[in-house]
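Participant: As a plain string of letters, each chain reads:
Protein chains: 2
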Amino acid sequence: MENPFDDTYFMKKALQEAELAYEKGEIPVGAVIVIQDRIIARGHNLTELLNDVTAHAEMQAITAASNFLGGKFLHNCTLYVTLEPCQMCAGALYWSQIPKIIYAARDEQRGCIVMDTTLHPKTTMTGGLLAEEASALLKRFFIEKRNLN
Amino acid sequence: MENPFDDTYFMKKALQEAELAYEKGEIPVGAVIVIQDRIIARGHNLTELLNDVTAHAEMQAITAASNFLGGKFLHNCTLYVTLEPCQMCAGALYWSQIPKIIYAARDEQRGCIVMDTTLHPKTTMTGGLLAEEASALLKRFFIEKRNLN
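Here the protein sequences come in this chain order: A and B.
Under UniProt numbering, think of the first position of the first sequence as 1, with each following residue one higher.
Under UniProt numbering, think of the first position of the second sequence as 1, with each following residue one higher.
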């Protein structure tokens, strides 16, 4: 039997988080952190509601996962996030020593790749999974935002 | 009359925060955020106590300052921090658009300068103020830590 808990399954869960952000008028980015096929943390962007630039989806998921694990290192964990992490989030992931980051859409302007943020040597990052779905939601958000203003 | 509220005054307040971290067994780093000669946020490193890599002094100070101001941008603010910010903190400061960062000691290993983190175009960063005091506290911490293990 196929394992239903594959990367696509978990990225869909991250997309559900992004939709929650969208419904709250936030830039729609969502994240989940997984260990042994189990989601231990969820987060979605709340920077506007909390008036706090640090409230990115990944930051909240990192804090929640550490809380669940009872330790600050996210060894053996995978982060699924709908948008390539920014410098801040990639910097936090560096400290967490998380081994695996999977993102959906690229962020060509403010993402950690174009910003050349240093990842932890233990970390691998791949992108593009469900990128179209993640980008479509982001585009929808920005088009509606523009039409409202 | 001289203004008693100069950069040295506020860096001493950041050092007091670093001492609070030291007393709790944390890597001693402290920060304050100032607007119009008034401290609106304080923070000290709590990564061990909170089991959370995101709990750096600056991150807590950014959240507290935004909370005080009721907005996520730290325009017209100055951050005083006893150690050069890391990638994560510099990335958060980027989003905050804070105009001024003053740090004490350099972090040659993990600081944002060696890591080449991008600061916001509106931000200037200077270092070296009370650097010896800040470094001495960090050295004391690491020597004691080594002797305990």
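It cannot be assumed that every hint is accurate.
[Stated by the list, open to error] Okay, the calculated bits of chain B under chain A, using three or more residues with CB under 8 Å as the criterion:
(1) 88-94
(2) 99-105
[To be verified] For lysine-lysine, the following DSS-like pairs were computed, each having C-alpha atoms within a straight-line distance of at most 30 Å:
(3) A/LYS122 to B/LYS100
(4) A/LYS145 to B/LYS24
(5) B/LYS100 to B/LYS24
[Claimed, not checked] Per label pair, the in silico range of CB-to-CB distance:
(6) B/ASP37 to A/LYS13: 43 to 49 Å
(7) A/THR124 to B/PRO121: 18 to 24 Å
(8) A/HIS75 to B/ARG146: 29 to 35 Å
(9) B/GLU19 to A/PRO4: 50 to 56 Å
(10) A/LEU50 to B/LYS122: 20 to 26 Å
(11) B/PRO99 to A/HIS75: 34 to 40 Å
(12) A/PRO99 to B/ASN51: 15 to 21 Å
Bear in mind the hints are in silico, worked out from the structure with no lab data behind them.
For glycine and all other residues, C-beta sits at the position ideal for the given N, C-alpha and C.
Participant: Taking 8 Å as the C-beta cutoff, is the stated coverage of the segment 88-94 of chain B by chain A satisfied by three or more residues?
Facilitator: holds (count 6)
Participant: Using the beta carbons of A/PRO99 and B/ASN51, state whether their distance is inside 15 to 21 Å or not.
Facilitator: With Cβ atoms ~18 Å apart, the hint holds.
Participant: Evaluate the given range 29 to 35 Å for the C-beta pair formed by A/HIS75 and B/ARG146.
Facilitator: violated, 24 Å
Participant: When you take the CB atoms of A/LEU50 and B/LYS122, is the distance between them in 20 to 26 Å?
Facilitator: Roughly 22 Å apart at Cβ, these two residues keep to the hinted range, so it holds.
Participant: Counting residues of the segment 99-105 of chain B that have a beta-carbon nearer than 8 Å to any beta-carbon of chain A, does the count reach 3?
Facilitator: violated (count 0)
Participant: Mind checking the hinted window 18 to 24 Å against the Cβ distance between A/THR124 and B/PRO121?
Facilitator: Because 32 Å falls outside the window, the suggested range is violated.
Participant: Just to be sure I understand the hint, the distance between the Cβ atoms of B/GLU19 and A/PRO4 should be within 50 to 56 Å; is that true here?
Facilitator: holds, 52 Å
Participant: Using the C-beta atoms of B/ASP37 and A/LYS13, is the stated range 43 to 49 Å upheld?
Facilitator: Given a distance of about 48 Å, which is inside 43 to 49 Å, the answer is holds.
Participant: CA of A/LYS122 to CA of B/LYS100, is that 30 Å or under?
Facilitator: Violated, at about 33 Å.
Participant: Would you check the hint for A/LYS145 and B/LYS24, treating anything up to 30 Å between C-alpha atoms as holding?
Facilitator: Violated. A/LYS145 to B/LYS24 sits at ~46 Å, over the 30 Å cutoff.
Participant: When you check the alpha-carbon spacing of B/LYS100 and B/LYS24, does it fall within 30 Å?
Facilitator: holds, 29 Å
Participant: Please test the hint of 34 to 40 Å on the beta carbon pair from B/PRO99 and A/HIS75.
Facilitator: Since B/PRO99 and A/HIS75 have Cβ atoms about 38 Å apart, the given range 34 to 40 Å holds.
Comparing the model with each numbered hint stated earlier shows that hints 2, 3, 4, 7 and 8 do not hold.
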